Each structure stands twice: as C-alpha cells, then as structure tokens.
Amino acid sequence: MADTKTTRSSGPLAPDDPELHRRIEEALDMIRPYLMTDGGSVRLLNVTEDYVVELELLGACGTCPMSLMTLRAGIEQVLKRAVPEITRVEAVQAAS
1 MADTKTTRSS
11 GPLAPDDPEL
21 HRRIEEALDM
31 IRPYLMTDGG
41 SVRLLNVTED
51 YVVELELLGA
61 CGTCPMSLMT
71 LRAGIEQVLK
81 RAVPEITRVE
91 AVQAAS
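Numbering-wise, the sequence shown is residues 1 to 96 according to full-length UniProt numbering.
Among these hints, one or two may not hold up.
What the hints assert, rightly or not - Derived Cβ-Cβ restraints for the label pairs, each shown as a range:
no., residue 1, residue 2, range
1, 17, 66, 29 to 37 Å
2, 14, 37, 28 to 36 Å
3, 81, 17, 17 to 25 Å
4, 17, 69, 27 to 35 Å
5, 18, 69, 30 to 38 Å
6, 25, 50, 15 to 23 Å
7, 63, 84, 30 to 38 Å
8, 36, 73, 12 to 20 Å
9, 82, 58, 18 to 26 Å
Think of the hints as simulated: they come from the structure by calculation, not from any bench.
Only a predicted model underlies this, so the values are computations on that prediction, with no experimental measurement involved.
Here a beta-carbon is modelled for each residue, glycine too, at the ideal position from N, C-alpha and C.
Take these sequences, add in the hints, and give me the full structure.
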C-alpha cells in the first residue's frame with residue numbers, strides 16, 4: 001500500500017500544494033452539511049509549514065460556545081483521517 005503522505009513520484013506534499021488543499025476541501029465538503037444544519041460553516045484559510053490547518057468558522061459556528069468541541073472532536077478528526085499530513089486544526093479569524 002502506498003504511503004498516503006506522498007504523491008506517486010515527488011515525495012511528501014508541500015503545505016501549499018494544490019493537491020493537499022483539494023483533499024482538505026473534499027473532507028470539509030463532507031462536514032459542511034452538518035455545520036449548516038446549525039447555521040454555520042467553515043472556510044480553509046491556510047496550511048502552515050507544520051501542516052496545521054487554519055480554518056475560519058463562519059456563521060453560527062463563529063460564536064457558538066461548542067465551537068471548540070466541534071473543531072476538536074469533529075472537524076479535526078475528519079480532516080486527520082482524510083489527510084494524514086495534518087498535525088492540528090486551528091480556528092483563526094480571517095484578515096479583514
């Protein structure tokens with residue numbers, strides 16, 4: 001079985017690699033319908049050099065007291081299963 005952290009020929013995916021971002025977005029697309037049922041959503045802002053995914057929590061998720069639990073127990077777990085390169089997921093505010 002191939003290492004999920006590598007591409008076929010180029011080694012580990014870089015944090016700014018479009019393929020890595022595509023895989024993260026696909027995983028987020030699986031989560032968004034659940035967030036939307038409570039009036040929220042999420043947007044990918046960045047992946048750091050340490051493979052920390054920075055997300056903006058939108059709508060009700062941005063002000064919900066349960067947002068940290070949703071982030072750690074829900075979003076982070078789904079993303080780490082789908083994209084093993086990810087080391088952590090953080091909620092950040094988008095620059096205005």
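Against the structure, the hints come out as follows:
no.: 1; hint: 17 to 66: 29 to 37 Å; verdict: holds, 32 Å
no.: 2; hint: 14 to 37: 28 to 36 Å; verdict: holds, 35 Å
no.: 3; hint: 81 to 17: 17 to 25 Å; verdict: holds, 19 Å
no.: 4; hint: 17 to 69: 27 to 35 Å; verdict: holds, 30 Å
no.: 5; hint: 18 to 69: 30 to 38 Å; verdict: holds, 31 Å
no.: 6; hint: 25 to 50: 15 to 23 Å; verdict: holds, 20 Å
no.: 7; hint: 63 to 84: 30 to 38 Å; verdict: holds, 31 Å
no.: 8; hint: 36 to 73: 12 to 20 Å; verdict: holds, 18 Å
no.: 9; hint: 82 to 58: 18 to 26 Å; verdict: holds, 20 Å
Comparing the model with each numbered hint stated earlier shows that all of them hold.
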